[in-house]
Structures are given as structure tokens and as C-alpha cells.
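> Each chain, written out:
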Amino acid sequence: MATGALPVGKTASPAEHAPDNYLTHTSGVLSWIFTLDHKRIGLMYLVGILTSFFIGGMLAMAIRAHLISPADSPLSNEQYNQIFTLHGAIMVFLFIIPSIPAALGNFLVPVMLGAKDVAFPRLNLCSFYLWCGGAIFFISALLSSGLDTGWTFYTPYSTDSETSVVLATLGAFILGFSSIFTGLNFIVTINTMRPPGMTWFRMPLFLWATYSTSIIQVLATPVLGITLLLLIAERTLHVGIFDPEFNGDPVTYQHFFWFYSHPAVYIMILPAFGIISELISVHSHKGIFGYRFIAYSSVAIALLGFLVWGHHMFTAGMSSLTTIIFSALTFSVSVPSAIKVFNWLATMYKGSISLTTPMCYALVFLFLFTIGGLTGLFLGTLSTDLHLHDTYFVVAHFHYVMMGGTLVAFVGGLFHWWPKMIGRMYNEFWGRVSSVLVFIGFNMAFLPQFVMGSRGMPRRYATYDGEFQALHQLSSVGSFILGIGLLIAGLCLLHSLFKGKLAPANPWGGATLEWMCTSPPPYYNFARPPVVGDPYEFEHIDYDPSIDGYVVNEPVRHRVPSDPHGAPAHAKHHH
Amino acid sequence: MATTEVLTHEADAHDDHHGDHPSFLAHHFDTPEQQYDSGKLGMWLFLVTEVLFFSGLFCAYAIYRFLRPDVFAGCSEFLNTQLGAINTGVLLFSSLTMAWAVRCAQLEQHKMLTGMLAATLSCASIFLGVKAIEYSHKFGMGLLPGGFYSYVPGAPHDGTIYLVWISAPFAIILLGLFVWYVVACLGQNKFQMRISGPMTIVFLCYFAGVGLGTLLESGSAEGHHEGAAHASASDHEGAVHEAGEVAHEAGTEIAPATVTEITPSTAGTDDSVLEMLAVDTANTGVRQQLSAAQRQQELSGGPVSQSPGGKAAAVSEASLDINNKFLAGGFFSIYYCMTGIHAIHILAGMGVLTWLLVRSVRHDFNRQYFGPVDYVGLYWHIVDLIWIYLFPLLYLIR
Amino acid sequence: MAHTNSAHAHGEGRPGYDFAHPFPVWGLLAVFFALVFLTIVTVAQASFDFGSYEVLISMIIATIKACLVVFFFMHLAFDKPYNAVLFLGSLLFVTLFLAFTLMDSQTTREMFEPTITDVATP
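Protein chains in written order, with the working numbering: chain H, 1 to 575; chain E, 576 to 973; chain Z, 974 to 1095.
A couple of the hints might just be wrong.
Claimed, not checked - Quick partial rundown of chain H residues pointing at chain E, CB under 8 Å, derived from the structure: (1) Asn-21; (2) Leu-23; (3) Thr-192; (4) Pro-195; (5) Leu-219; (6) Thr-227; (7) His-238; (8) Phe-246; (9) Asn-247; (10) Pro-250; (11) His-285; (12) Ile-353; (13) Leu-355.
Calculated directly from the structure, the hints in this document are not laboratory data. What you are looking at is a predicted structure, and each value in this text was computed from that prediction instead of being measured. Glycine is no exception: its CB is placed at the ideal position from the N, C-alpha and C atoms.
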């Protein structure tokens, strides 16, 4: 039988594993290169971003190895400048920004919606190849003469630098388009392709998070595009807009840059929030607490994120009036973020928590993100920021948010949806070991940096005062443990590709639509629009030991939505 | 697994779900309206990104116009208002034909649709032709972005070589299209004739635009340059000095006089400072150096300039001269960035309009499938809309 | 008009198949002539000296023209409200961007472009 949706109330067993799925539907290299299937594109993205994460991670290891001692390192100071710049640029532009939306989002958004594909499949493929094009530019910058401006390309560093700034900015420009197209596709897909019965407030929270992220991608990324174009013009034609040598204003560059790059921080973290909402609810087997608050807070963060970019520039020479306004506005963002954390904690309360690998990562996220968020308050406060600006305190803060937040959520999400994407289960033991190592290594690497930063260790320096050596060494050891933890996670997933046992349709007991189709999903996801229920209603989902998975036992869902709001989105406003 | 199985499965899934699925309806949509609405929402989102993309340029414009209003007013005199106004009219007309084309697609008036698209494309060509004249003329005069700004008033200028370079690709394409048209005529290929014919006219229009531009630019060239010079002379708070030589002379004349009033110990440095300032009046760093030196002298009790009025006059006199790569060059940087990126959008628009033209000849569009025409129309209108703002902001500054 | 294409023959009258709303020709022409008229006005006003109001006037005229294009040529007046919200919302973000950046560059202009009085008065 070829249908994708499991018959309601019927148990699924591995024997019923549908023979035809999106991986086996067609074969050959060309069937992947020219595929329009969102699941395959998501998988190709996954390979791409994991490769760039590996490169960025190796550069990070090089940074930490260099900083073990203040003086004797095989790397020269110029090489160090290039390595930290490329680490930042690769991690931000090639890994974190596309990680969750482009890889997991591409795979999950249509399946969670019960749709056959995203609204514009060709645009989706185009966005993947744009990502590849951007990556090629970055690699050519790396191979030609490197990049030493910091990932922010601040003028006048970037206008004076001898390194390949133009190649790298072109790469970032192209990646921007890739990001815009992904966001645009998701907004349209969620707006027009929801199945009958899925109202806005019956959408899984991951979709709310993706929707909010997409809004930022569409609104903010074009400003980065024009900024980078003007920067290229500045280097080649000396247009005198950002370059002080030609009467330009570097602070204006920073305004332009952060108008994108602060909202971009929320492009990175919002999808992670979405993943955590799913993970905590499913693995606690308890409905999400405060669904509407979490949904609205995603949108609120997306919009408020546009009001606070100036807090990156408190010491850059803005007027005091502007700094005060931006500082005050900065605190507004903490409200919706805190709402989310409280709701997750309340969800876990009295839930029946399974400490699976994804849940372990979700708990790591909660701990690390909370530290990252709270230390942000010191940086948003004007008086303390003057002291902490451009120190390791900032480095530690954004690693706690970006890495402890986004990366950990990404890995957790990967473990959560891996059985769905690949159809194989991984080794739970090694998965949990990796999460513990990541937790220990991460805190060991970055907690000392808070201390160093508040004692005055500036960031981006190739060397340091002897008093910081012990802390730097602690941080380096921690980062190596972190690296090993992530390596174990990767090996665990790779191993499952070959040796893992077949995954049931619903290994965790989720109630969202992606668990209603087989693992891996068939080519068309669902032959018929699936029956939509409450995405966080777990009452009738029970464990079945015979298949080592969960089944829906007592269907209470209606095939035909009884309320008028249940009509599909595109059928409304009918002329 | 056998391919046939897959195919039948696919076909089954299709059939029992959709009943009849028109060829223009993508497999993942249920109805043509859902497809149209999705496309339209996608296009509006793209337009949102366009608006924010251009907002960066408008922001840069606003910052520097507020900062140096006299520079903008002075340099704007170099832009030919007549050509700008004609281009505005041409773009507005192309918007009309584009909106009409959408109507034709909805009513299935295929011939008229092709005509309207060709008219829109022709207007785009005329626009670019006029723009080529404006650009090559300015390139010839050395009115270039910051780093390359090299305008010397009164010097002979000739932009022909630049015009040739800009026009060469258009000429090659025109030739190719014409040959294609002739071959299609000889081969009696109606379909190819219907495409290459209108496209030949479209690229001829580029040269019509060039001709129109040459006519107007040569007619008014002397006029508007003198106008620029007059405007600067009459406007005491600064505008283009014809040459800025006046100011330079004033600067060098006064410099020695000022130096004599300064203590010998610092005279050397001040001399060099003032010399630099005379050569490079917009060098704010040097200006600060000068003021710092003066303050230092005052604090150390040394004699200050005994004619502060005279010196202020010298400095302000020098600061009036905007003919350098920092001030006038800055204006032209912004001018080229804004109009250049707009012109790139026009070129991209011509690309997609050509694709539409081919499809309209193929009779691809009907009452349920006119989306592509509508989406390209939206894009074309936003390009027009940006020009509606660029025109007064660049050409009509007083 | 003749419906010659077979593609819609089976879609007649079904929901989701009849949604084309052509804009009347007189409407298109009226908008076009209004736009041309406003262009003439904006060129004409440039030859009068309105001082600092000049930018304001030309921007108001440009905005009226832009509204005509957006609401009629781009059919936003008859479109789904969500598209209008999107487009007008984007202008809000442009305003935000311009407002903060300009406010800052206005308040710090002395810092990067010293005036003559700075040099002259010690």
C-alpha cells in the first residue's frame, strides 16, 4: 500500500514500513541534484551546513589551541586574526543562520502542515544552490588571502584590509538571498497551504517560530544586502559613504550592519525556541503550557528585535540620546524570552519526562540559554556595557546564546527528527553521553570567559596577560571536551545510518502531523490531507512495545471540521 | 524497485486526489486560485525585500543630504532635469502598458498582451538609452564616484567612448535579433517571427533613447553648466565654484599672511597645515589639526592670529569649494549607487518581461493562469515607484 | 471576449477557478494621466523657491504618485488585506531604520564633520 498517512486507530509495525519513501522514490545523482522535493533539499542542506559547522569548529579548536599560552604558538598573530574572523563568518553565515530553518525547517514545515511540498519548490532548490554559491565564495576567500576584519566587516578595517574582503562580502550577499528565499517560501507555505482544520492556533509551535523567523529574514536581510553592496562599492570605487578616508562615516556602517545583524540574532535563536517547545512537550508527554503565550512571544521577539540594534554600538560614538533609547528598548526583548522559559518549565512540571537524547539536549538548552539570556542584561545596561564591551564577557554571552542555545537545540532537534528523516534509530546511550559531554565541556569553555571578560581580557587578541593563563587553559580544555562531545554525537548518528534499527512511525509519542506518516515519509508526504487534531494532545497516544513506538489508540478526531474556522486557509475570502 | 510501480503510484495519488488537474496547476496546489494567491503573496513579500533593500540607499542619501545640503544643491545642477523628466514619463507609460498587459492576460487577449509587453520592454529600452547618454556624458566630464572623481571645469570633455562601450552589448543583441528575424521570415517560422520581430523593435528603441538623449543633452549642455556656475556665484552659502580656483587662490593668498602672525616655533607646521588645507579643503582631519594647533597656541600664551576675522574668512572661503572627490564626489557616489542599482533592476525586469513575451506568444496565459504576468507587473511597478522618488530627490534639488 | 482556451472549460463555476478581476481601461488611463500631471507639477514647483519646504512638497507629490501606482496599477486597493498589511508594514520598518539612523547622525554630526566655527573660535 502506498498511502502515507497511517489509518487512524490502526497500529503500525516495522513490517508495514512503506517500501516507497522519498529516499528510494527515484535514484541516481541527478535525481538529487535536480530534486524539487523539500525533504531531499532539506537533507542536502543538512549535509552542507554540517560540513561548514565542521570547518568552523576546527577553526575554533585552532583558536583555543593558540590561546593555551600567551606567547609560544605555531600560529602568527596575523594568522590568528584570520582564523577568528573565518570562524565567526563561517559559523554565522554558513552554519547558524541556515541551520534550523533551512535544514530542519525545509524537511519539517510541509510535513507538519500536512502539505505535499513548500509553495515554491523551484525557489527552494534555487535557495540551496545560492547557499552553495555563497559557500564557494567564502572558501575562495579562505584560500586566496583570508579575511581579517572580524565577521562584522566594520569599516575602516574592511576598507583598509589587504585580505579578500570583496570575495567574502559577495559570499555573504549571496547567502542573504538564499536566506530571503527560504523565509519567503515558508511564509507563503504556512499562509496558504494549511490543511482543513489547521487554524493558526492549531499549528505546532515550531511553525510559529519558523513563521516569525521568516518575517525577520524577509524584512532584515535586504538591508544587509545593500550594506554589503555599498561596502564593495566603497572598496572598489571609494564611494565615501562608510570610509572615513573619503569623508564617510563608520558609525553609519554599523547602523546599517546591525539593523540586519541584530534581528539576525533572532533568526538564529527563534527556530531553536520552536524546537525546544516541541521537544519538551513531546518528551514530557504533556501538553505545552501556555500555547498562545509561546506563539505570540515568538512574533513579539521577531518584531521587538528590530528596535534594539543600537546596543551593539554603545561605545562606537553614537549620541548619548540614542544610546539611552536603545538601552531602554533592549530590555523589552527579555520579556517574551522569559515568558518562553517559564512556559517550558511549567510544561515539564508534573509531566512524565523520558530522558531521551533529545530531551537531554533540551535540558542542556534550558540551562545554557538562561545563563546566556541573563548575562545579556549586563550588556544591555549602558553603565556595565562600557566596562564589558569588546571583552571576553561578550564572547561568552553570545556563545551561551548562539551555541548553548541554537546549536544545542539544533542537535537536539536533529536527534528528535533523525528517525523521521532517515528511518533509523540511533544508539540512545551514546546520544546521552554526548549531551553530558557537551554540557560539561561547554560550561568549562565559556564560564571562565565571563570571569576573564569582567576582569578586562579584551576579545580578538592574539595574546594576553599572564594572569589570564589559567582561565584560558581551562577554557581550552573545556572546548576540547565540547568538541569530543559533538564528535560523539555525529558518530552516533552516522553509525545509525548503517547499523540502526528501523524506526517506527512515531518513536517518541508526538502528536504533530509529521509523526502520522511513515518513517521516512513517502514522496508525497500524505496522499490525502491528514486529519488535524490538537498538536499537543497526548491522551490517546500510547506506547506499543511490539513496535517500540507510539500509536494512536482512540481516535477522537473528526474528519470534517465542525466549526467554520476549520476551512482551509486558501478557501477563505472567496470571491 | 521498478519505476513503473512508482509511476502508477504517483498517478494514483494524483487522480484520486485532484480529479482533473489542469496542466498549469502545480501538483502541490489544489485550485488555480490557491496557486495564484500563493504566488501573489510571494511576490508581495519579494517587493517588501526590495523596499528594504532600497531603504539603505535612501538612508545614505538622507544622511549626507542633511549633512551637506549645499553640496547636493550644487551638484544636482549637473543633472539634466529634462532627461530625468522624460525618463519619468517613459517609465510611467511603461507602467500603464504593464498594467494593461495584466488586463489582457486576464481577458485572454493574446495578441494585445504580446503588444503591451513589447511596449513595456520598449519603454525600458528608451529609459536605458537616455540613461546611457547621461552616464557617458558624466563619465567624460570626470563626474565619477568618490575615488575616481576628476572633474576639471572648463576642460574639454568627451563621453563618446563610454557611450560606445555601454551601447556595444545592445548593438550586438540588436544585430542578433535582426538576423534571427530575417532567418525566421525566410523559414516561414511564425512563432519565431512573433518573438524576434517585437524584440528587434525593443532593442531599436534603445538607440531611439540614445538619439533622444543626445539631442537634449547637446541642446542644453552649455546652458546647464553655465547655470551651475551662475547658481554657485549667486548662492553665497555655497554651491559649485566654477573651478573652485577662486577659493584656492584666496586660500594661498591668505595663508602666508596668516603664517606671519603665528609664533616662529609653530610657523612651520602651520604653514604645512594651511597648505594642505588649501589644496584639500575638505580634509576634515587637517582642519581639526589646524584648530588643535590654534588652541594649543592660545593655551601656551603665544600670539594668536591677530585677524581672526580674516582667517575665518579664509577658512570659510576655502570650505565653499565642493569640487573635490570628498564632497562632489560623495554626491556622485550616491547618484551612481541609486540610479545604477535602479538600472540593474530595469535590466532584470527586461529579462523577465522577455520571458513573458515568449510565453504570451505561446498562448500560455488564460483566465485561471495569468499569475506570472501579474507578478512581473508588480515587480515592474515597484521599479517605477522607486524612480518616482529618485527623480525629485536627485534631479530637482535647489 | 472569446474563451477559446480549453484549459478553463472544465473549471467554469467551480470554487477556486474564477478569480480574475480585470481593471477597466478607463481606470488605467485615468491613473496614467494623473501620474503625468503630477510629474509636470513636481517639475514646475522646482523652479519656484519654497526654501526648506521644497523637499517636503516634492516628497508629498511623489508619495501621491506612489499611492496611485500601488493602489491601482498594483491592485492593492482590491487585493487581499494581508498583502496590504505586509507592504505598508514594510514601510513602518523603513521608517524605523531611517528614523534611528538619521537621529543619530543628526546628533553626532559635529563629531565627524567639524564646522567652520569650530576652527575659527578657539
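> With a cut-off of 8 Å, does the beta carbon of H:Leu-219 approach a beta carbon of chain E closely enough for the hint to hold?
holds (6 Å)
> Next item in the hint list is H:Thr-227. Is there a CB on chain E closer than 8 Å to its CB?
holds (6 Å)
> Would you check whether H:Phe-246 satisfies its interface hint, that is, whether its CB is within less than 8 Å of any CB in chain E?
holds (5 Å)
> Given H:Thr-192 was flagged as interface, is its beta-carbon under 8 Å from a beta-carbon of chain E?
Status holds, d = 4 Å.
> Go through the hint on H:Asn-21 and say holds or violated, using the shortest Cβ distance to chain E against 8 Å.
Interface hint status for H:Asn-21: violated (11 Å vs cutoff 8 Å).
> Answer holds if the nearest beta-carbon of chain E is closer than 8 Å to that of H:Leu-355; otherwise answer violated.
Violated, because the Cβ-Cβ distance from H:Leu-355 to chain E comes to roughly 39 Å (cut-off 8 Å).
> Would you settle whether the hint for H:Ile-353 is holds or violated, based on the nearest Cβ-Cβ distance to chain E being less than 8 Å?
It is violated, given that the least Cβ distance between H:Ile-353 and chain E is near 38 Å, above 8 Å.
> Let's test the interface hint: is any C-beta of chain E closer than 8 Å to that of H:Pro-250?
violated (13 Å)
> Was the hint right that H:His-285 lines chain E, CB cutoff 8 Å?
Violated. Min distance 33 Å.
> Using 8 Å as the Cβ threshold, decide whether H:Leu-23 counts as touching chain E.
Violated, because the Cβ-Cβ distance from H:Leu-23 to chain E comes to roughly 12 Å (cut-off 8 Å).
> Hint H:Pro-195 vs chain E: min CB-CB distance below 8 Å?
Result: violated, 10 Å to nearest chain E Cβ.
> Classify the hint on H:His-238 as holds or violated, based on whether any CB of chain E lies nearer than 8 Å to its CB.
Interface hint status for H:His-238: holds (3 Å vs cutoff 8 Å).
Violated hints for the displayed structure, listed by number in ascending order: 1, 2, 4, 10, 11, 12 and 13.
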